[in-house]
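Trainee: Sequence:
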Amino acid sequence: MLNIHNLSVSFAGEFLFEQITYKISAGDRIGLVGKNGAGKSTMLKVLSGELSPDTGQLAIEKSIKMGFLKQDIDFVQGRTVLEEAYEAFEEIKSLERKMEQINLELASRTDYESDDYTELIQNVSDATQHYQIIGGYNYKADTEKILLGLGFKPDDFNRLTDTFSGGWRMRIELAKLLLQSNDILLLDEPTNHLDIESIIWLEHFLKSYSGAVVIVSHDKMFLDEVTNRTIEISLGKIYDYNKPYSKYLVLREELRVQQLASQKNQAKQIEHTEKLIEKFRSKATKASMAQSLIKKLDKVERIVVDSEDTAVMGIEFPVSVQPGKVVLELEKVGKSYGEKTILKDVNLLVERGVKVAFVGQNGQGKSTLAKLIVDEIQGTGAIKKGHNVQIGYFAQNQAEYLDGEKTLLDTMIDAANATTRPKVRDLLGAFLFQGDDVEKKVKVLSGGERNRLALCKMLLQPFNVLIMDEPTNHLDIKSKNVLKAALAKFEGTLLLVSHDRDFLQGLTDKIYEFRDQKIKEYLGDIDYYLQERQMENMREVEKSSKSIEKKGVSSASSVKANAIDKSNKKNDFETQKKIKALQNKVSNTESKISKLENEIEKMDLQLAENYEEMSTDPEFFSIYEQKKKKVSDLLSTWENLQEELEEYVN
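If you're matching positions, the sequence shown starts at 340 in the numbering used here and goes up one per residue.
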């Protein structure tokens, strides 16, 4: 379909990639990966014809249609969502105009027996037949189906695109591409503005897509679900394997190990040959043999181990001061924009040290609540901050607040105070901005690099409560892993808005789902939430007597009876209240056990390192035994709570 040969692109005298060759075939679903600034978006622009390479050729089959979803898009104002989506069907819309013109002309003619009239009849017949062949009678239904899949509601169809956020406009553009029946789709970070449900829908769509797809994405789970091939751009080269991302990483590491072993063996052989050359060179009778060995050595193709870009950010989120036990308390909080209510009577209690994720469809109020908490916008109800609470806030569009004309160094210095100003260069270095990089202007940075700078800037201010709204947008996979590890170690309180399932896995201990102006609590991580949501969907299907197939739930038949019984049991208000109380007790007990086990582990380490000193300290052993007994008691309590909870939920 598309052949790329000896492709090179450079900026400011440095090559992003050089002499790259590969091809794209039908059925390829390629994950194009690499660090921020490696040239992924540039590669898509070259493939689409938007950017000309320095060297190389692109050969594409004549009939191939290509669609390109860019990170930044422009919309014509004044169109509704449906009207904008219908722009995907240029040929159909053109044919509709042609048919309308012919029909108007026919209506005004009375020369029914003339050749001209007969020709018009034939023209409208041909146009109608062609209209049917290219899907003219189905495109409106197809459009609505795709828009619904991407999270739009029927009420949204006739709203002007001007009234939607950039994320929702991106969905409209994505819908247009999916409707165009392109042979090759180029998608630049398509999941950045999608919620989890829409990402899952897109995964199913792309897995059954008959054409070729090239996806730039930093969503590991999305890549693993959709792609069957990975191309990584690293240090100006590409590494191309017919594996999804996670399997590619394993395979590439295996190949590097093999290369290292082969290189080591070759080095031994070369060393042995060089010794023979030195030995024979001084003897006249062996001089010809030495020359022969030299020629042989010159012909040896030295094994080169694939270069690996191992540079990663160094992030640590220090807690400024210890806050009170309750850091945030929200009572009947609400927010409306005109007649549209986003949140209504939301109650929320956030205790010190918890890690919470806000999830749900876009437009349900996740970012709105974050902005209300940090006083960026005003709403109704009461928001009380606890004693000593200092909030650090990373907005979804945090990178957009950066001044493009400033250098990286000036951006940091201007945001620093007398205490943090001496640390500016060290912080920039930890975020991979080193040497002359700090003198670059912000406007030349890629999206991921800007996000890194915004994170770096945030660390200049003290905080013990961290609120982050989609912090992983544009960050490469390695940077996301580093950020996740730093947040996992963060000893403060974390409120995280994210759609990235891999990022959320195991990071938070509580999920709040935003839906229909309310929030609902789930005591677990993202996997637990998705499992529970699926079960709830299945119960809704049973209640309404709709077929499981229509809801897209494949495993419902085996759990129908149990789902109905659980639903009836849980619907009782008092039972629901009791279940929630027990779940909170279980969660609190688990937290206490975990804390004590960590303390015991530290004491074990002290004992191992300074046994003689510790053995003479009776207070040490007394505290040690008390902690172990407390863990034993808490485990018994936990078992009893679990048994009681199971009686209600099973």
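It should be emphasised that the hints constitute simulated quantities derived from the structure, not laboratory data.
Computed from a prediction, not measured in an experiment: that's the story for all the values here.
Glycine residues also receive a C-beta, built at the ideal position from the N, C-alpha and C atoms.
One or more hints might be untrue.
[Unchecked claim] Under the rule of at most 30 Å between Cα atoms (straight-line distance), these lysine-lysine pairs were calculated in the BS3-like manner:
no., residue 1, residue 2
1, Lys-409, Lys-586
2, Lys-745, Lys-724
3, Lys-967, Lys-924
4, Lys-857, Lys-817
5, Lys-966, Lys-694
6, Lys-683, Lys-694
7, Lys-819, Lys-779
[What the hints assert, rightly or not] Per label pair, the in silico range of CB-to-CB distance:
no., residue 1, residue 2, range
8, His-726, Gly-352, 52 to 58 Å
9, Lys-479, His-543, 49 to 55 Å
10, Phe-496, Gln-597, 28 to 34 Å
11, Phe-354, Glu-613, 30 to 36 Å
12, Lys-479, Thr-457, 40 to 46 Å
Trainee: Hints first: check each against the structure and report whether it holds.
Mentor: How the hints compare with the structure:
no.	hint	result
1	Lys-409 / Lys-586	holds (27 Å)
2	Lys-745 / Lys-724	violated (34 Å)
3	Lys-967 / Lys-924	holds (20 Å)
4	Lys-857 / Lys-817	violated (35 Å)
5	Lys-966 / Lys-694	holds (25 Å)
6	Lys-683 / Lys-694	holds (23 Å)
7	Lys-819 / Lys-779	holds (23 Å)
8	His-726 / Gly-352: 52 to 58 Å	holds (56 Å)
9	Lys-479 / His-543: 49 to 55 Å	violated (22 Å)
10	Phe-496 / Gln-597: 28 to 34 Å	violated (55 Å)
11	Phe-354 / Glu-613: 30 to 36 Å	holds (34 Å)
12	Lys-479 / Thr-457: 40 to 46 Å	violated (32 Å)
Going down the numbered hints, you'll see the structure goes against 2, 4, 9, 10, 12, while the others check out.
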